[in-house]
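Novice: Please model the complete structure; the sequences and the hints are all you need to start from.
Under this note's numbering, think of the first position of the sequence shown as 1, with each following residue one higher.
Hints listed in this document are in silico derivations from the structure and should not be mistaken for laboratory results.
Check the hints yourself; a few may be wrong.
Stated by the list, open to error - Subject to a maximum C-alpha distance of 16 angstroms in a straight line, what follows is the list of computed EDC-like cross-link-like pairs (lysine to aspartate or glutamate): (1) Lys213 - Asp178; (2) Lys65 - Glu115; (3) Lys264 - Glu315; (4) Lys305 - Asp383; (5) Lys305 - Glu315; (6) Lys305 - Glu389; (7) Lys305 - Glu275; (8) Lys305 - Glu387; (9) Lys213 - Glu275.
All values derive from a computational prediction rather than experimental measurement.
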Amino acid sequence: MGSDVFADSGPRHMMARIVGAGSSPVTMIRINWDSDEHRRCIAACIVNGTYIMDGDESSLHSSGKALAPAWWESFGFRRLRTLEYECECVFCKTKTKLFTLGAHRPCSIYGVVLEHAPPAGARPHPSAPRYVVAFRGTMPRHPSYLGDMHLNLRILVNRQHACGRFRHARDQVGRLLDSISSNGGGTAAVWLAGHSLGASIALDVGRDMVARKGWNNLPAFLFNPPQVSLAPSMLPQALRRVAKRVIYPASYAVKAALGATVLKPHERDMEALFEALAPWAPELYVHERDIVCQGFIDYFEQRHKMLTRLRPVAEVAMKLSLRDMLICIHSTDPENGEDQRVRPHLLPSARLWKNSSYHDPHGLEQWWRPDSELRLSSRRYSDHGAEAEVFYG
Numbered sequence: 001m002g003s004d005v006f007a008d009s010g011p012r013h014m015m016a017r018i019v020g021a022g023s024s025p026v027t028m029i030r031i032n033w034d035s036d037e038h039r040r041c042i043a044a045c046i047v048n049g050t051y052i053m054d055g056d057e058s059s060l061h062s063s064g065k066a067l068a069p070a071w072w073e074s075f076g077f078r079r080l081r082t083l084e085y086e087c088e089c090v091f092c093k094t095k096t097k098l099f100t101l102g103a104h105r106p107c108s109i110y111g112v113v114l115e116h117a118p119p120a121g122a123r124p125h126p127s128a129p130r131y132v133v134a135f136r137g138t139m140p141r142h143p144s145y146l147g148d149m150h151l152n153l154r155i156l157v158n159r160q161h162a163c164g165r166f167r168h169a170r171d172q173v174g175r176l177l178d179s180i181s182s183n184g185g186g187t188a189a190v191w192l193a194g195h196s197l198g199a200s201i202a203l204d205v206g207r208d209m210v211a212r213k214g215w216n217n218l219p220a221f222l223f224n225p226p227q228v229s230l231a232p233s234m235l236p237q238a239l240r241r242v243a244k245r246v247i248y249p250a251s252y253a254v255k256a257a258l259g260a261t262v263l264k265p266h267e268r269d270m271e272a273l274f275e276a277l278a279p280w281a282p283e284l285y286v287h288e289r290d291i292v293c294q295g296f297i298d299y300f301e302q303r304h305k306m307l308t309r310l311r312p313v314a315e316v317a318m319k320l321s322l323r324d325m326l327i328c329i330h331s332t333d334p335e336n337g338e339d340q341r342v343r344p345h346l347l348p349s350a351r352l353w354k355n356s357s358y359h360d361p362h363g364l365e366q367w368w369r370p371d372s373e374l375r376l377s378s379r380r381y382s383d384h385g386a387e388a389e390v391f392y393g
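Specialist: Structure follows, in structure tokens:
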């Protein structure tokens, strides 16, 4: 990662330097709100600002100057409020002090709500959002690291929906959307954005808003979203091709058989939720070499192949997860029953942006680079199939 100074590390292809009257050059940003590239870059920069903001609040920057605001103010946004929540890790719950991690902070910033504030006299662009809600990911070597890792472990077992930070995020976004709706505004006026762990939060929030309130027009920009899977992507490269030919068809056949017989009630519940979520299509930005989000690539590509070859089986199986079916059979935990309402594996539709560049596979900085640097392709997947893949750059 480069400098936290926006002028040094921001999207240079969107910057224009002009000379002010008797002063040093001023950096101006050129924005095309209808451009997929510009929208991606803006969302990524704003998310990066949430990482830096926590450092600003903690006085971690040696300069003592707040560096985060430039990452959103450059695009015409101002901070409306900060999102923070108390850590739920075992050390905070038991009030255990770790001598090796004495700087651990029980409450930290995990996101920000921004409001678009165009210059005086300027009319807002119809494609620009009124608000952006952005969530940061895990911050290694940071006082909030234990809390972040606690959430990552919850994601690993598909229990993030019940976490306090996720609940707090859903509550904050729900209130924002309610206020906009009551004033006659549309939900497209709000963007959700996040990186890694933050992408999981944004995905959970968006899925919940769609499933419970029917707000389908909610743009979401998810950078390197984790997809925990026992898919062939976890195997060595030499075994992946063979494993895919065996594991996916077998998995689909088992899920379809169980869903049509002993777990028919569970299959009906998942089908209803699947249909409710189908109109929503978040933007997923993944790198081919990033093991954290490789599961999304495999899920959508293999699902499309199964729909093409064995549609009746695929239409049942793609709504189900073997892990969730086992949980459904054995669970008597009321909290887990609540968690069943919005299953993390359910994502009927998405636009998958696949990056095969030389950049850090899990890094956020790559996503505010121009298309020409990313060797980028996109494909829109829905419950009916997939569109043709489009290549950029």
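Novice: Decide, hint by hint, whether the structure agrees.
Specialist: Now for the hints, and whether the structure bears them out:
1. Lys213 - Asp178: Measuring from Cα to Cα gives roughly 10 angstroms; hence the hint holds.
2. Lys65 - Glu115: 22 angstroms, violated
3. Lys264 - Glu315: 14 angstroms, holds
4. Lys305 - Asp383: With Cα atoms ~13 angstroms apart, lysine 305 and aspartate 383 stay inside 16 angstroms; holds.
5. Lys305 - Glu315: Given that 16 angstroms is the threshold and the Cα spacing comes to 12 angstroms, the pair holds.
6. Lys305 - Glu389: OK: lysine 305 and glutamate 389 at ~14 angstroms, within 16 angstroms.
7. Lys305 - Glu275: 20 angstroms, violated
8. Lys305 - Glu387: 13 angstroms, holds
9. Lys213 - Glu275: 14 angstroms, holds
Checked against the numbered hints above, the structure violates hints 2, 7; every other hint is satisfied.
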